[in-house]
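First to last, the sequence lines map onto chains S, A, F and D. Going by my numbering, the first sequence opens with residue 55, and the numbers climb by one from there. Going by my numbering, the second sequence opens with residue 300, and the numbers climb by one from there. Going by my numbering, the third sequence opens with residue 81, and the numbers climb by one from there. Going by my numbering, the fourth sequence opens with residue -1, and the numbers climb by one from there.
Please keep in mind that the hints were generated in silico from the structure rather than gathered at the bench. By construction, the Cβ of each residue, glycine as well, lies at the ideal position given by its N, Cα and C atoms. Please note: incorrect hints may appear among the correct ones.
Residues from chain F that face chain S, not an exhaustive set, calculated with beta carbons under 10 angstroms [what the hints assert, rightly or not]:
1. 156
2. 158
3. 175
4. 178
5. 179
6. 182
Each chain, letter by letter, is given below.
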Amino acid sequence: MRLAELAHPRQDYAYAFLDAFAKRELRRRLLKAVAIPGYQVPYASREVPLARGWGTGGLQVTLALVGPEDVVKVIDQGDDQSVNAANLRRFIARMSGARTTTDTALATLIQSRHRIPEEMLGPVQILVLQVPYPEPLARVEPSFARARELHADAEYGQVWLGLYEDLVRYRTPTQGADYPVLVHGRYLMAPSPIPRWDNPKLHQAQHLTLLSAGREKRVYAVPPFTEVRPVEFSDVPFEVEDQRGWADWQTGVRHKFMTELPQADGDCRYELSDRDYARKRAAGLPTQPTYYNEEGRFYHPGYLAPRTPAERLERLLHGSPDDLPA
Amino acid sequence: MAYVAARGGEAAIERAEALYRRLLGPLDPGLVKGLEQALPHLLDRVMSEGSLYAPELAALALAQTGGDLYEAVLLLRAYRTTLPRLAYALPIEPEVLFTVRRVSAAFKDIPGGQILGPTLDYSHRLLRLGGLQSDVPPTVPEPVSAENCDFEPQQVPFVADWHRQNGLMPPRPTDPTPGPAIPDLTREPLLFPAPRAQRLQALSRADTGGVLALGYANMRGYGAIHPTVNEVRLAYAEVRLQHPATGAVFSAGRVRYAQAEVLTKFRPGPDGKPTLELGFAASLGWNEVKLIAAAMLDAAMDLPEPHPAHTEEFVLSHTEPVEASGFCIHYKLPHYVTFGSDLDALRKARAQAVAEQEASRSAEVTE
Amino acid sequence: MSHATPPNLEEQGRWLSVLARAEAEAVKAFTEKLLPELERQGLEVLENRMGLVMLPATDTAQGTRFHVGEVLVAASRVRLGGLEGYAVCLGRDLEQTLAIAILDAALQGGWHAERVRAFVEQQAAKQSAEDARLARQIAATRVTMETF
Amino acid sequence: MPTIFLSPQESQDHTVFRSLLRAMSRPGEANPLPLGAKAALQAIGQALLDLETRFYTPDPHLQQQFLRLGSRASGPAEADFLFFPEADERIWADLVQAPIGSLLHPETGATVVVLTRPSPGARLRLSGPGLAAPAPLETGLPEGFWRLRNERVSFPLGWDVLLVEPQGVCRAVPRSTTVEVA
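Turn these sequences into a full structure, and let the hints guide you.
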């Protein structure tokens, strides 16, 4: 008998990389996050083989969720082929044995940075958003400790004041992506730096959204069928990015979120940001229903204020039969 | 466009790593062994910031990353995540450290003497160019003779004990907290104000450069600390464990361990009388720059004046090497969606400005 | 040839410490030679793995205990003739720690105790000689104030 | 490729967790657990408890099981998790003490896990996050339980309830749910 024969084989890594302690901690926190929609639950946040700021928060949530039966999709800026998305997808699959896909319709777990897919997510799907700054109050209150007190008291006046100052100075809100929302009428929440185009998709959605900030160690959630409202004034309603005149240069598709591609001659092309949706459209493959229809109307009528004067007048005079109660 | 390849992203990643290996980080066992033996300070920095004492793996991490410290630290931190915590060692007792260096700036002479130990502090900073041409013969330090040696490395007294004996400082309380109950920022998130145990743990893992920058700003007057190094100590500490069946206490081996104490200006003590205050920091490995700066920040963090180094949250959040470096380089990732959204807001604001200018111009014309 | 007595805890702590610090190859070679005979007592490896030990330290300013960092270790637990041997040493050598755990059980059980003890004593002497030499070299860097 | 195993225990923990997560996201919805009756409570404990948690249960067998996981036993007022295999009036006194969290840290409100009886109990109407429209729910728990729950829950404070039905089905009623007792 030799020592080498007696010695146990070395297990290279735990299933899904995280050790059992880390998984249990995160799982406990996730359940609380879902029970308190929009509230930032602190968690320990382990180091993973990825630099901080590159999606360690999203990755930890995905690793705590993933099982061999899952089908994982990872996107960055809407693109499955972006190097960081490809890298994450490869890592998750390697550590969990889960299958991967780029097709939104086939995925059970979708980890994303800065986008929500155009096709509507269904009730069995979970969306994990990577979050760089979880604190929506950071702009008005840099200390997380004091911001926590403001959340405790639901004291959000300064945020509306900031919006008001924007309107005085610029006649329009200056916030681009990461536009703050009020969840279940209680917690102000940073939706992660998704474009404003994606904000309404969180409202009364069919799917569960989990948001995780690895560096800042916060996890929070928007359950399905939850009220998610933008910070706005009734006379200056929230508006999504205005890309009404834009069309995808390859497919001609309009009324989906676009990326601008500056050209050498100073001109610009527009490309669908959701690359897998673009792939299906270009190939003439069937797609799922999308959050915004071919005319750019959001699927919850009345959630977004009408944009043209004619539409506005029409609504003022007759109201919208589909308007949700305020 | 260039770095979001429509296809072939994975192949490009593989080739990029291969190119890195060729240009920046060749790997072979001999190199790793050599790094371990030749560069203990570098290892110590990686191990302390990586929060994992494993010289062999620190050397591997350095070789694998071509010496990129932040990447090496990340490798250790990530590896740490994969291993189970088997036990808590018994706490290091300062009184029984195997001390190899202990100096104080507070006094000319101190009980036990100034022990320089292994240091370059007082050497001439001249490149030894001879080392490029021929092998430098190994140096063997001259020991004192056995008969004349009254030095006990495990019994080197503490300067602070002297202050305490003289009533200049309150007595040091004892803390009976058992290992598993000590607050641990790797197991629960750091919330502010942090328990002192988490603060000291955060400082032991902190980024040398970050701690130095904040400590240095404080030293230069952006803050109210006028520090005196009470003591810097380099030592070996035993990792003491208990036999699970019999309870016997034994050492699993020795690790390099260092600590620093910094004195501040006196302030009112708990008994109302003015008293000296000590800042403290310790880490795995020997890194005096970091520990002096960190000990100073420890003393500064609770002061009321509005300097960054006086805010615990500011200091501990911004000296975390893995978070700070990782977030910094994440800006290399594409941001065209958010930027596009910002552009939209800009265009709208510009359109409003144009409309207003035109409106006022046409108002002028009508007048 | 067994004369098991409950181990003297101080003595056991000493042999585990000495063996953990001893040169890994020497410990392994020594154990490998004894293995065929020890195996007859019934040897079972219960645990043989790498892991982390959290190392707390004591703050000399305010006395607070805190975690200074984790240490990579290899740990083993064996059963030899009904006695439980255990060992932890720094690093990742699973065979080194296994060897020490076997020797720990052997010493507890009194199997080949004389040979094992002799080995431990030889290693201990080497280690204290090293420590003493280092102490004398450190002592030579002590400053008497006249020359500082 | 590195070697990676999914042990049977971890596989069960994973299944239980995903079921709980789904249940918590969709209040009142029935979600399957791999085990039934008291074993289901044990499986939930196994998936969530370790030495960083405190639990309370009046059941000595469950207590033994959970202590083995390294979890710390505590009184009902300090517990993160409370497990009740019998849901009758005797547990009211424990329940009323269960932590509801603080406004600074509402997540410290407890999780209450109850094994329900097949007998018909209070008729409820649930609404709130996770529910597309108000939905009826009948649980094997008496009205007193839900009255007490409504007394202790004031969003975002309160405890979250996991109902385990004997045949191995789990439903959640998080604190965000409005519960009307018919």
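Structure-based check of each hint:
Because the closest C-beta pair between residue 156 (chain F) and chain S is about 9 angstroms apart, less than 10 angstroms, the hint holds. Using the Cβ-Cβ criterion of 10 angstroms, the hint placing residue 158 (chain F) at the interface with chain S is satisfied: the shortest such distance is roughly 8 angstroms. Residue-level restraint check for residue 175 (chain F) holds (minimum Cβ-Cβ distance to chain S is 4 angstroms; threshold 10 angstroms). A cut of 10 angstroms between beta carbons decides the hint on residue 178 (chain F): the least distance to chain S is about 6 angstroms, and the hint holds.
Because the beta carbon of residue 179 (chain F) sits about 6 angstroms from the nearest beta carbon in chain S, less than 10 angstroms, this interface hint is met. Among the interface hints, the one on residue 182 (chain F) holds; its C-beta lies about 8 angstroms from the nearest C-beta in chain S, closer than the 10 angstroms criterion.
Hint compliance for this structure: every hint is met.
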